[in-house]
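One-letter residues, chain by chain:
There are 2 protein chains.
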Amino acid sequence: MIKDSIKEKIASGMWEFRKPIPSEAELCRIFDVSPGTVKRALQELVNEGYLYRRQGIGSFVARPNFENSLYRFFRYDVGKDKSRPVPRSKVLISEVIEAPEDVCKHLMIEKGSLVVHIRRVRLFDEIPLVYEDLYLPHELFEGMEKKDISEKLLYPIYEQEFKVLVVSADEYLNAATANEEQAQYLGIGECSPLIEITRIARTFGEEPVEYRRSFGRGDRFRYHVRIR
Amino acid sequence: MIKDSIKEKIASGMWEFRKPIPSEAELCRIFDVSPGTVKRALQELVNEGYLYRRQGIGSFVARPNFENSLYRFFRYDVGKDKSRPVPRSKVLISEVIEAPEDVCKHLMIEKGSLVVHIRRVRLFDEIPLVYEDLYLPHELFEGMEKKDISEKLLYPIYEQEFKVLVVSADEYLNAATANEEQAQYLGIGECSPLIEITRIARTFGEEPVEYRRSFGRGDRFRYHVRIR
DNA sequence: CAGTGGTCTAGACCACAAG
DNA sequence: TTGTGGTCTAGACCACTGG
Chain L
-12 MIKDSIKEKI ASGMWEFRKP IPSEAELCRI FDVSPGTVKR ALQELVNEGY
38 LYRRQGIGSF VARPNFENSL YRFFRYDVGK DKSRPVPRSK VLISEVIEAP
88 EDVCKHLMIE KGSLVVHIRR VRLFDEIPLV YEDLYLPHEL FEGMEKKDIS
138 EKLLYPIYEQ EFKVLVVSAD EYLNAATANE EQAQYLGIGE CSPLIEITRI
188 ARTFGEEPVE YRRSFGRGDR FRYHVRIR
Chain R
-12 MIKDSIKEKI ASGMWEFRKP IPSEAELCRI FDVSPGTVKR ALQELVNEGY
38 LYRRQGIGSF VARPNFENSL YRFFRYDVGK DKSRPVPRSK VLISEVIEAP
88 EDVCKHLMIE KGSLVVHIRR VRLFDEIPLV YEDLYLPHEL FEGMEKKDIS
138 EKLLYPIYEQ EFKVLVVSAD EYLNAATANE EQAQYLGIGE CSPLIEITRI
188 ARTFGEEPVE YRRSFGRGDR FRYHVRIR
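For the protein sequence lines, the chains are L and R, in the order given. For the first sequence, position 7 matches number -6 in our numbering, and the numbering has no gaps at all. For the second sequence, position 14 matches number 1 in our numbering, and the numbering has no gaps at all.
Incorrect hints may appear among the rest.
Identical chains blur together in the list; that is why a pair holds if it fits in one copy or across any two.
Unchecked claim - In silico DSS-like cross-links for lysine-lysine, where the CA-CA straight-line distance does not exceed 27 Å: (1) Lys(-6) x Lys139; (2) Lys26 x Lys(-10); (3) Lys26 x Lys139; (4) Lys26 x Lys150; (5) Lys(-4) x Lys6; (6) Lys139 x Lys(-4); (7) Lys77 x Lys(-10); (8) Lys133 x Lys98; (9) Lys26 x Lys(-6); (10) Lys150 x Lys(-6); (11) Lys(-4) x Lys77; (12) Lys133 x Lys77.
If you are wondering where the hints come from, they were derived from the structure by calculation, not from laboratory data.
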C-alpha cells in the first residue's frame, strides 16, 4: 500500500509543511506504481486531512488549524465582519510545578516530572469565553513560563521558540458547571453551564506535548453533527 | 458526474434499503461510463455514508443508525457485556397540541398546525440518562399519541406503522443545566450539567419529520474529536 | 461455477498556474 | 510552453460469495 508509505513520510516530518511533495509523476517512479494508483492514494490522503492539492501547482502537507477548532465549537457571531482577530488572553497563573498525577498520565511523563502550568482566560472581542489550564513538559518548554502570551497564539510560539510542532490532537467534550472562580472570570453565574474541552496535542510520532483543559461558556457553545 | 445521479436515486428512495443496487457492470451500461469511473463514484458514496458494499454480494443503500448516535455521545459503560438492549422509556406526556412557534419553524409547517408531542425519560439499564421532548407532524403521525412506546424504538414504528422513513438528521449540541423537573427525573441535583441535543430528522427530499430536544446527563456525556 | 466488489495498470485529455 | 493536478478510459487480475 503506497498510501501508508506516503503517510509515514508525512507523519515523520520528512516533507516540510507548505512545500510541495514530489509530483504524481515522480511518485510513480519513486514507488514504481501506475499513475492511477498514485492519484487514488493522494486523494484519500486529502480526504483524511493529511494533504491539500492545488491544480497547476502541486500537493502539500496540510497542517491542522487549531484556531478553527475553537471557532467550530463556539458561536462567535458578535460583530458581522468575517475577520477573526487573535483572541487576547488574561494570564492568571504561569509557573513551573511538579506535574499532578493526571497530567503525568496524559503527557506520558514520569511521576514527579516538572511541567509548565499556565492558567488563562481567553477573550474574544473583549468577551471572556474560555477559562483554561495548560500543562507542558518542562523538558521541552524551559522558559515558557516567562513569555508574554497575552496577545499571541501559543502554537506559533511552540514552533518558533521551542521547535515543537503540533501536528495532531485529540479533544474530548464534557458538560460541566461553573465553579466560583470560573463564573467570576467568565462573567456568568455560578452553576452556569460550561463545556469542558480536554485536549491532548501531539507532535510527530504521536508524542504528547500539551495537555489542556478548557472551560467554555455554555451559552456560546454549539456543535453540529450531520447524520447520514 | 454520475456520482450525483446515483446519489439522487438513493435520496429519492428509488432503490430499496437492504436490497442490492445494480452491479458495477450494469451501472457502466446504464450510465455509459467506464468501470473505473463507476468504482470511484461508488467508493466516494461509501465514504459519505450513502452505501455499503460487500465483496461477492453487491452494493447496498445504507441507513443511518441513530441508536449509535446516542451511544456515541454517552458513556454507557455500566456493565461490561457488549449487548446493547433497547432502552426503556417512561412516557410523561403523549398528546396532540398546536405546535409552538419554534416547532413550526423546525418542522417547516404552518403556524397553528397540530403536532404529536411526547415527553419521556429514557432509561439505560434502568438508569435514567435522557429526558426528551419530541414533536411530530400530526398529519403524518395520526394516532401516534396512543401507541405504547415504553419498550420500543421509535424509528421502526415510524417506518412500519406510519410509512415514514428517516434517512438523515442534523443534531446540534448545547450545554445546559437541569431545571427542577429534569433533575428529578434524571436523579441528579438541580443545576447539574446537562447536554442538550436538538435533532431535526428528515425523510426523503430533506423533508423534516421529527423535531426532538433531548437533555442528557452531563456526567455521562462524552464526545471525542480527532484533529488532523 | 458465475457474479460480485477490491485493487491496480497505463495511460489520455483537460484546466490551471508560473515563467 | 511546461509542469501540475482533476477526471475519465478500458480494462486485468484477484478474493470472496452463493448456488
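Worksheet entry | 27 Å Cα threshold - placement of Lys77 relative to Lys(-4) | neither (39 Å within a copy, 54 Å between copies)
Practice item. With 27 Å as the alpha-carbon cut-off, assign the pair Lys133 and Lys77 to within, between, both or neither. Key: within (14 Å within a copy, 56 Å between copies)
- [ ] If the cutoff is 27 Å on CA atoms, where do Lys26 and Lys150 land: within, between, both or neither? Let me know, please.
- [x] neither (33 Å within a copy, 44 Å between copies)
Can you give me the call for Lys77 and Lys(-10), within, between, both or neither, at a CA distance of at most 27 Å? Cα proximity of Lys77 and Lys(-10): none, with 44 Å in one copy and 50 Å across.
> Quick one: Lys133 to Lys98, C-alpha cut-off 27 Å, is that within a copy, between copies, both, or neither?
Replying inline: Within. Shortest intra-copy distance 24 Å satisfies the 27 Å Cα cut-off; inter-copy 60 Å does not.
Quick one: Lys139 to Lys(-4), C-alpha cut-off 27 Å, is that within a copy, between copies, both, or neither? neither (31 Å within a copy, 50 Å between copies)
(Q) One pair to classify: Lys(-6) and Lys139, alpha carbons no more than 27 Å apart. Within, between, both, or neither? (A) Cα proximity of Lys(-6) and Lys139: none, with 31 Å in one copy and 45 Å across.
Evaluate Lys26 and Lys139 at a C-alpha cut-off of 27 Å and name the case that applies: within, between, both or neither. Answer is neither; intra-copy 39 Å and inter-copy 47 Å both fail.
Requested in this report: Classify it for me, Lys150 with Lys(-6): is the Cα-Cα distance of at most 27 Å met within a copy, between copies, both or neither?
Outcome: within (22 Å within a copy, 46 Å between copies)
- Task: Since the copies are identical, ignore which copy is meant and state whether Lys(-4) and Lys6 lie within 27 Å (CA to CA) inside a copy, between copies, both or neither.
- Result: So Lys(-4) and Lys6 pass the 27 Å test inside one copy only (14 Å; across, 42 Å).
key: Lys26 and Lys(-6): within-copy, between-copy, both or neither at 27 Å Cα   = This pair counts as both: shortest intra-copy Cα distance 14 Å, inter-copy 23 Å.
Can you give me the call for Lys26 and Lys(-10), within, between, both or neither, at a CA distance of at most 27 Å?
For Lys26 and Lys(-10), both the intra-copy (10 Å) and inter-copy (18 Å) Cα distances are at most 27 Å.
Of the numbered hints listed earlier, those contradicted by the structure are 1, 3, 4, 6, 7 and 11.
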